[in-house]
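Undergrad: Residue strings, one per chain:
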Amino acid sequence: MKKLMAMFLAATMAASLAACGGSSTATTTAAPAAPAETQAAAAGETEAAAPAAAEAAAPATAGGIFHSVEAFPYASLDPHKDYQSWHTQFYGISETLFKITDDLSIEPWLAEGMEVADNVATITLKDGVCFSNGNPLTADMVKRNLERLGTECSRYAYMLDWTMEATDDKTLVITTEKAYPALINDLATAETGIVDLDSTTDFDKDPICTGPFKVKEFIPEGDVTVERNENYWGGPVNLDGAVFYKMGDEESKLLAMQNGEIDGYVDIAASSAEIYGTDPDSYDLYTVPTQRRVYAYLNSAQLPDSVREAIVLAVDRDQVAAYMNGLISPATGAYSPDTPYGKVQQPMWDVAKAKEVLEADGYTMGASGIYEKDGKPLNIILSCYAKRSVDTVALLMQEQLKAAGIGIELKVEEDPDGTYMSTHDYQMAMYVSITDKTGDPMNFLEGTVKSGVYMEVAGFGNAETDAMIEEVRYETDPAKRAEITNEIMQKLYDSHDMLFIGTYNKNSVLKAGAKGLGVTNPMGFYGIDANTSL
Amino acid sequence: MYLTPGDPALMKLTSQGTAVTDELLEIEREKMGLNQPFMVRYGTWVMNILHGDFGLTYSDGLPVLPKLLKGLKYTAILCVAATVFSVVVAIPLGIATAIKKDTIFDNIVRILTFTGNSMPNFLISLLLMYLFCIKARLFPVIAKESVSGLFLPTLATSIPMISKFARQTRADVLGQLGEEYVIGMHARGVKERVILYRNVLHNALGAIITIVALQIRTLMGGQIVVETIFRWPGVGSLIMNSIKARDFPVVQGAVLILATIQVLINLLTDLSYCLIDHRIELE
Chain A
1 MKKLMAMFLA
11 ATMAASLAAC
21 GGSSTATTTA
31 APAAPAETQA
41 AAAGETEAAA
51 PAAAEAAAPA
61 TAGGIFHSVE
71 AFPYASLDPH
81 KDYQSWHTQF
91 YGISETLFKI
101 TDDLSIEPWL
111 AEGMEVADNV
121 ATITLKDGVC
131 FSNGNPLTAD
141 MVKRNLERLG
151 TECSRYAYML
161 DWTMEATDDK
171 TLVITTEKAY
181 PALINDLATA
191 ETGIVDLDST
201 TDFDKDPICT
211 GPFKVKEFIP
221 EGDVTVERNE
231 NYWGGPVNLD
241 GAVFYKMGDE
251 ESKLLAMQNG
261 EIDGYVDIAA
271 SSAEIYGTDP
281 DSYDLYTVPT
291 QRRVYAYLNS
301 AQLPDSVREA
311 IVLAVDRDQV
321 AAYMNGLISP
331 ATGAYSPDTP
341 YGKVQQPMWD
351 VAKAKEVLEA
361 DGYTMGASGI
371 YEKDGKPLNI
381 ILSCYAKRSV
391 DTVALLMQEQ
401 LKAAGIGIEL
411 KVEEDPDGTY
421 MSTHDYQMAM
431 YVSITDKTGD
441 PMNFLEGTVK
451 SGVYMEVAGF
461 GNAETDAMIE
471 EVRYETDPAK
481 RAEITNEIMQ
491 KLYDSHDMLF
501 IGTYNKNSVL
511 KAGAKGLGVT
521 NPMGFYGIDA
531 NTSL
Chain B
1 MYLTPGDPAL
11 MKLTSQGTAV
21 TDELLEIERE
31 KMGLNQPFMV
41 RYGTWVMNIL
51 HGDFGLTYSD
61 GLPVLPKLLK
71 GLKYTAILCV
81 AATVFSVVVA
91 IPLGIATAIK
101 KDTIFDNIVR
111 ILTFTGNSMP
121 NFLISLLLMY
131 LFCIKARLFP
141 VIAKESVSGL
151 FLPTLATSIP
161 MISKFARQTR
171 ADVLGQLGEE
181 YVIGMHARGV
191 KERVILYRNV
201 LHNALGAIIT
211 IVALQIRTLM
221 GGQIVVETIF
231 RWPGVGSLIM
241 NSIKARDFPV
251 VQGAVLILAT
261 IQVLINLLTD
271 LSYCLIDHRI
281 ELE
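Chains A and B supply the protein sequences, listed in that same order. Residues in the first sequence are numbered from 1 upward in steps of one, following the working numbering. Residues in the second sequence are numbered from 1 upward in steps of one, following the working numbering.
No lab work stands behind these hints: they were computed from the structure. Given the structure is predicted, the values throughout are model-derived calculations rather than measurements. Built from N, CA and C at the ideal position, the CB exists for glycine as well. There's no promise every hint is true.
Stated by the list, open to error - Quick look at which bits of chain A chain B covers, simulated, 3 or more residues with Cβ under 8 angstroms: (1) 217 to 229; (2) 238 to 248; (3) 423 to 437.
Given these sequences and hints, build the entire structure.
TA: Here it is as structure tokens:
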């Protein structure tokens, strides 16, 4: 009887392992986890090699249906509602006047260009742009779209304060109260997707837009099927259409990809990436750092400056990123160092200096390996939460800080916003946000650095930097704008009130030979386009 | 829900992780009616419910009731399919193992039911997907909302249920087989089949109905894991997503409807006792 039971359980466990690991080839040949730098480099090689290969050979397949999956269900395709546009644009349905490129610069899309004179911006639309029903795009339609966005979406209610005038079919003049240098960035966000307001009868299920695809079938909170827009203004569209299945479970996505039921998807888990990585002949992997950063607030009201500085110095971002196995890349600032406004960064890992800072402030190393002062060990509570593996990052930081003589006790909350972010009662706390949504520094400055705002919970905000943020808001010279932003960020970093740890990667997989799906763009709202191929 | 930490307006505005200003938060709270006192909000919700209006969701501003009804429809389909399948398989299995107590057949079934009862749902689901979709290629991984799409979720839901029901049936039937009335009937030469199906099973039915009803109640709350893995659009994942987003109107509506369903199931269960045991009377 016991033998029978043992044999049965062994068989069950073997079958379990097979199911969890994907194909037997993938599991048996899986290499040990490579450090993030290596992975990033490998991904870079893949990306670099891919265009060359594409040039060398014609697209593998002309036409066809691209199959993909999305994790979260959406009940509406209306680009002007909340964040629905991120998906409408990802499906190739809606487009904006300008677009954010892979290197976060702005380039024209539906617009030919924009001329700015003080607080007046003149936007000229491209010739020949039309909706999927053949109706031409006019400046008046753009104006009414921006007004509708201001009405439908609170985040863009400020657009209702603009004076907008369509001087002719192709020219829209926007007058703001003061000079507004981030206007072009605003017009590049997915939320400003343009819809044919006159012809659309069901904004939630079938918005008529200008993209290379149009809605064929939309099941609210279910699958989305799009088909080629035969009237696409941008030229021939390669694919016949695409289907985006709602699928929340990562293992199911992996099995579907291995079974050949989908052609690629974005935001793959690190565990899946490892399996795909073992079969480069079948899958192309892409990794792009996004602008979604994980960072820690260091409460200046509860921690002395020396401790905060030591913490900033004692966290090894490279090691954290390596442990996270491709989920994040190291970050030492709110903005990418490649941007003009991200030239100032936090100091890198330096445990010796961290210890020096603490010892200079009177801390002495205790018998337990934790610094002490006035007989009290230096133990800090680090508040965190489980979403986006923030708790794992916190766990790694705990080990690193302990090695530097700083004791950390983890406190995991279900919801940071309902707890420490609201009460401000914490010593050190983890958080995640997009620090650069539009290729412009303003969103982070006014949402996280400015005094009194919701995400400014470290106590950094002050009148001086508030005034500087207002300068950035209205400064039209990009160089000067970047200079002021760098000054603000220097002050923030010098305060040691925030510790930037990593930036999340956008990890994507495509079946070998397939192209597109926005895999090289750090923004999450670029997906299939006219050139996407199977 | 009111006491739950978390601000629905903030969650809505930051669902993609972007920073928001305090002014914007205030505008959104006002727009969503979150600045009103608790009693006013609750009173409005109750009055609207009495008029059949479940309100609009916080997350996308669409009506709550159609969403819930759609989810409940699919949950009910899965629940009925899994329950019928489980009962049809488990009760004969339970009876057979009771009759053949301590035989190899009994021992094998006991091991299988023990394992089925112990395995977590996600593991069963992934194993089934691997076997049926990858190895046997009988079904696609990306299932449709159809009869074929229902097969694997039903099987995944049924395996633990069959295990529970079969073990319960075996225990109850064994208990009845040891009763004196069974020995008496044997002594009087009553046929084995009559003893088993007209007396033993009938007397064991009360406990079996109780465990089946309890399982139906659990299933109607939604099978989040099975629904997520097999893309079955039931109410479980809808409720879970709504809880995470602090989408109070959806959660409140779901609690109200599911509580009503639970009460109805309890009522039907109690009524069924009267049918199988005439000593129980309605008072």
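Undergrad: For every hint, state whether the structure bears it out.
TA: Structure-based check of all given hints:
1. 217 to 229: holds (count 3)
2. 238 to 248: Coverage by chain B holds here, the residue count being 4 at a Cβ distance below 8 angstroms.
3. 423 to 437: With 5 residues in contact (Cβ-Cβ under 8 angstroms with chain B), the coverage given for the region 423 to 437 of chain A holds.
When the structure is compared with the earlier hints, no violation turns up for any of them.
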